[in-house]
Amino acid sequence: MSASRSATGKRWLIGALLYLSAVAVGVGSALLVLKKAPWLNPSAQVGAWRVNLHAGSVDADMYTRASVAVNGLLALGREETMYFIAAQDDSGHALRSNCNYRVKGSAPAARWWSITAYADDMFLFDAPNGHYSLNGDIAKRSAEGSFDFTTGPTEQPGSYWLPTPGKRGMVLTLRLYNPEPALQAAPQSLHAPQIERIGECL
Amino acid sequence: MKHLSAAQRLWFYRGLTLLVTAILAHLLTIWAVPRLIMQVVLQGPMAQTLNMHNRAAFPPPVTAQSRAIVMPSPDLLYSVCVFDLSEGAVRVRAAPQLPNYWSIALYSANSDNFFVRNDRQAAGKPVDLWLVPSSGAPAQDRVPAGAEVVVSPSKTGFLLMRVLASDYQADQMMLEAARRTLRCEAARGP
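Residue numbers (our numbering), protein chains in the order written: chain A, 1 to 202; chain B, 1001 to 1190.
No wet-lab data here; the hints were simulated from the structure.
Backbone N, C-alpha and C define an ideal beta-carbon position, used for all residues, glycine too.
It cannot be assumed that every hint is accurate.
To be verified - If we take Cβ atoms under 7 Å as the criterion, some of the chain B residues that face chain A in the derived model are: (1) 1018; (2) 1022; (3) 1026; (4) 1034; (5) 1037; (6) 1039; (7) 1067; (8) 1070; (9) 1074; (10) 1107; (11) 1109; (12) 1111; (13) 1112; (14) 1113; (15) 1169.
To be verified - Only some residues are given here: those of chain B computed to face chain A with a beta carbon under 7 Å: (16) 1031; (17) 1058; (18) 1064; (19) 1105.
To be verified - The following label-pair restraints were derived from C-beta to C-beta distances: (20) B:1177 x A:45: 39 to 45 Å; (21) A:61 x B:1151: 43 to 49 Å; (22) A:106 x B:1031: 37 to 43 Å; (23) A:109 x B:1013: 53 to 59 Å; (24) A:129 x B:1145: 51 to 57 Å; (25) A:20 x B:1180: 47 to 53 Å; (26) A:165 x B:1145: 38 to 44 Å; (27) A:20 x B:1177: 53 to 59 Å; (28) A:20 x B:1122: 52 to 58 Å; (29) A:104 x B:1093: 24 to 30 Å; (30) B:1180 x A:158: 38 to 44 Å.
Start from the sequences and build out the full structure, keeping to the hints where you can.
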């Protein structure tokens, strides 16, 4: 009797452990997916930039809603703001804070825009010069209307510099406030800012 | 299945049950994450510190030390309020007179942005909204006739006012005065 009871208990224990493992795999895979993908289910990709047109919207699918909650809580719908996120440079390499990048583009079709550098925890870098972003009000334009700036651990002469101290992953976020209806309808028509790595990473 | 022994069939069903359990746990987590994060926003340390339950609060400009909510914009000045409609309507008012972008956005308890009003839509007029729950008739919430009613999908939620602040230091007085016109309070009736 005692041996039989012991065998039954062992089976229950193994069963409980297996189910707990299954729950852990389910929860862990969900959290991993959300953390690894700044925007899930992108609606469009332009150059290195991805946009999800349902971010912040009541029409968002559950993966988009959860991904936005983890990586960009309290987003606005696309009529108010479009968020393009780049986690890679134009060569397809993941952005790293210990690498220097030059970002070059032209003013997007929106009322107002900004590009901000975030660490991989989606918070701002501790920039000693207080430069966290470049926006349409302060960007200097060339004769052709283009702007450029640099990000990275070292200041590049003559450029507007967003410092990214440390050695970690990072993303760039392009916010477009009140984007033109044509851009909302066709986000792939964005003239995406180019992201080029400068030299070797530190 | 016909060729499987009883023990093999048992393990097959056990494996299937484990797989279904893992999938359900995955989906439940994806569903729950935005709701749990919003609960932290609505009731967590930031809400307690800023004392913003049916009350507008005005956090300082965003810096690298701002770590309450992910992906803060350093170009915007934020004002906030946790609205709670369990006792009736909440009235939201603001009259920011600014030349640049501002908006008032409302978020439900699952993080969806269900309403936004920006400066262009306001066209220079003050914002005056009566926020009511979807389950309550406006009359029960003492909303005056002709008032602009916004129905919230959830009884609690978050208000986020954004004011463009490209150069906060230079425009501090104007920006602070404008955003402090925000009121967010339980309605006392007409």
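Evaluated hints:
1. 1018: Status holds, d = 4 Å.
2. 1022: holds (4 Å)
3. 1026: holds (4 Å)
4. 1034: Since the shortest Cβ distance to chain A is 4 Å, the answer is holds.
5. 1037: holds (5 Å)
6. 1039: Cβ of residue 1039 (chain B) sits 11 Å from chain A, so the hint is violated.
7. 1067: Holds, because the Cβ-Cβ distance from residue 1067 (chain B) to chain A comes to roughly 5 Å (cut-off 7 Å).
8. 1070: holds (4 Å)
9. 1074: holds (4 Å)
10. 1107: holds (6 Å)
11. 1109: Nearest chain A Cβ about 12 Å off; hint violated.
12. 1111: This hint holds: residue 1111 (chain B) lies near chain A, its Cβ roughly 5 Å from the closest one there, short of 7 Å.
13. 1112: It holds, given that the least Cβ distance between residue 1112 (chain B) and chain A is near 5 Å, below 7 Å.
14. 1113: Hint on residue 1113 (chain B): holds, closest Cβ of chain A at ~4 Å, below 7 Å.
15. 1169: violated (10 Å)
16. 1031: holds (6 Å)
17. 1058: With a minimum Cβ separation of about 16 Å from chain A (threshold 7 Å), the hint on residue 1058 (chain B) is violated.
18. 1064: holds (4 Å)
19. 1105: holds (6 Å)
20. B:1177 x A:45: 39 to 45 Å: 42 Å Cβ-Cβ, so the 39 to 45 Å window holds.
21. A:61 x B:1151: 43 to 49 Å: Roughly 23 Å apart at Cβ, these two residues miss the hinted range, so it is violated.
22. A:106 x B:1031: 37 to 43 Å: holds (40 Å)
23. A:109 x B:1013: 53 to 59 Å: holds (57 Å)
24. A:129 x B:1145: 51 to 57 Å: holds (55 Å)
25. A:20 x B:1180: 47 to 53 Å: holds (51 Å)
26. A:165 x B:1145: 38 to 44 Å: Since the Cβ atoms of residue 165 (chain A) and residue 1145 (chain B) sit about 58 Å apart, the hinted range of 38 to 44 Å is violated.
27. A:20 x B:1177: 53 to 59 Å: holds (56 Å)
28. A:20 x B:1122: 52 to 58 Å: This hint holds: roughly 53 Å between Cβ atoms.
29. A:104 x B:1093: 24 to 30 Å: violated (44 Å)
30. B:1180 x A:158: 38 to 44 Å: Since residue 1180 (chain B) and residue 158 (chain A) have Cβ atoms about 40 Å apart, the given range 38 to 44 Å holds.
Hint compliance for this structure: hints 6, 11, 15, 17, 21, 26, 29 are not met, and every other hint is.
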